[in-house]
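Add chain X to chain C, keeping to what the hints say.
Those protein sequences? They're chains C and X, same order as listed. Sequential numbering of the first sequence, starting at 2, is according to our numbering. Sequential numbering of the second sequence, starting at 11, is according to our numbering.
Don't read these hints as lab results, they were simulated from the structure. Note that the Cβ used here is the ideal one computed from N, Cα and C, for glycine as well. Some hints could be false.
[What the hints assert, rightly or not] Restricting the straight-line Cα-Cα distance to at most 27 Å, the calculated cross-link-like pairs of lysine-lysine (DSS-like) are:
id: 1; chain 1: C; residue 1: K55; chain 2: X; residue 2: K109
id: 2; chain 1: C; residue 1: K85; chain 2: C; residue 2: K31
id: 3; chain 1: X; residue 1: K109; chain 2: X; residue 2: K130
id: 4; chain 1: C; residue 1: K111; chain 2: X; residue 2: K136
id: 5; chain 1: C; residue 1: K103; chain 2: X; residue 2: K80
id: 6; chain 1: C; residue 1: K109; chain 2: X; residue 2: K80
id: 7; chain 1: C; residue 1: K105; chain 2: X; residue 2: K77
id: 8; chain 1: C; residue 1: K67; chain 2: X; residue 2: K80
[Stated by the list, open to error] Chain X stretches covered by chain C per the calculated footprint, using a threshold of three residues with CB under 8 Å from any CB of chain C:
id: 9; segment: 87 to 95
id: 10; segment: 133 to 147
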Amino acid sequence: MVKKTVLFVILVTGLFSQDAYERNCVECHKDLPTTLQQMFKEYLQMYSGEENVKAGLKHYLRYPSKSISVMSELFINSYGIKKKSTLSEQELNESINIYWDKFKVFDKLK
Amino acid sequence: MLVSKNKATNSLLKSEKKSLLRFLTLYVAMVIFMITLLSLFYYQNQEKLMLSDQRASLAKYAYIQTKRLKVLHYFFDERTTYPRDPRFRSAIYDIELMKIFSLLGDESIRFDEEIYITNKHIHFVKTLDTYYLGTKYLIIEVEDDGVWREEIWKHILVYGFIAFLLFMLFGLFLAKLFLRPMRNSIMLLDRFIKDTTHELNTPLSAILANIEMMDTDVMVEKNKKKLNRINIAAKTVSTLYKDLTYLTLEQESENEDEEIAVKSVLENRVEYFDILAKSKNITFVLSLQHATIFMDKRKFIRVIDNLISNAIKYNKRGGVIEIVLNESSLTVSDTGIGIAEDKIPFIFDRYMRFNQSEGGFGVGLSIVKKIVDEYNIQIEVESKEGKGTKMVLIW
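Isolated chain C (complex conformation) (with noise of 0.2 Å):
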């Protein structure tokens, strides 16, 4: 009982020790091709500036559709488009501010 309810403690603890962006984006593109960093790159490429950038990111995500996406016809031909996102407004927001904080390029030149 108790070996059950310290692996529970630890179970629950892990899970909220994750950020958003965590929970919600890396668990499913770990297993993509493509890292999420070069997909930001292509976000980049496609909307320029932040506010931009999030809000394609989250009208794909909400609405996800093969002629907005910003990836190649091959890879979608081969991974297919994601299923649209259920993620609560809050949450999604959260996640997309992460992204982007991440990968921003802002003083990452030199």
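Leaving out everything else, chain X in the frame of chain C:
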């Protein structure tokens, strides 16, 4: 109409000078404005020309830098070194005008212009279609050596100055053209007066001589009064005649300067005008000290006659004329109609008459001014409308 030129009309009248000055001021202001405007257009044109020369090389730099950004985009973030080039500096901005990275010397960027000059730099703004690293705007910067600007300024100063001189010459020609009708009418009037004065001489001399010769003792009182009136009228015409003769003939003759006892001349002229003054019940108040002046007596008498006759002519009935003579000054003041303050500067202009009710040609004070200027005598005028006028000669 062609009118022969009289020496007296060569100098500009004050009113002419004022008109000329106004015209020239307006003209100069207009010319300066026009040259400034032309210079501005020229400057802007030359600047555009210089920028279009620069545009080709800057566009080439932008193309090179875009290719480098493309490479950096694909290798980011293993490579994070922004591409540099010794020929130019550059910066990248995203679609929201946020700076991604910059090496610019001058960060004041105008995103809505393709090429422009900013504080000692030339900026070329290229808008990318593919946003490598999020770059929407690529700014290429090169130093502006300013040589072209010095050249333009040199051209503006040299050509501007030449244009200004040409415009001024043209302006003088215009001013002459503008004054010609006024001048012609003055010369015509001079000519007319010159011709008519000749015809006045003989009858006037005859009248004056005969009045002098008449024996008033044997006359009845009624006739004496009539003769008196004839005398006054003849003296008035005589004064006018002398002024006109002076104006048209005598002023060109040689001066016969001599030491004049001013007091006795004054007494003599007051006596001469006494009959005129009495006709308006005007009283002379004299305060005369001994004084001398070295000048042509005829000219001095013209000055005195004009001052006294004006004081009588413009005085009120029953008024007073005060003549004060000091060692080197003479004051003639009346209790007449006076002159408006704004008209005082023009009283010495020829044919200038402020009161149309009195006769005359308006030449008296212009003669006075000519003579006093010739002898460096200072003349001061103090006048109050309705109170009187005071003329002061200082030598």
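Structure-based check of all given hints:
no.: 1; hint: C:K55 to X:K109; result: holds, 18 Å
no.: 2; hint: C:K85 to C:K31; result: holds, 18 Å
no.: 3; hint: X:K109 to X:K130; result: holds, 21 Å
no.: 4; hint: C:K111 to X:K136; result: holds, 22 Å
no.: 5; hint: C:K103 to X:K80; result: holds, 21 Å
no.: 6; hint: C:K109 to X:K80; result: holds, 16 Å
no.: 7; hint: C:K105 to X:K77; result: holds, 21 Å
no.: 8; hint: C:K67 to X:K80; result: holds, 25 Å
no.: 9; hint: 87 to 95; result: holds (count 4)
no.: 10; hint: 133 to 147; result: holds (count 7)
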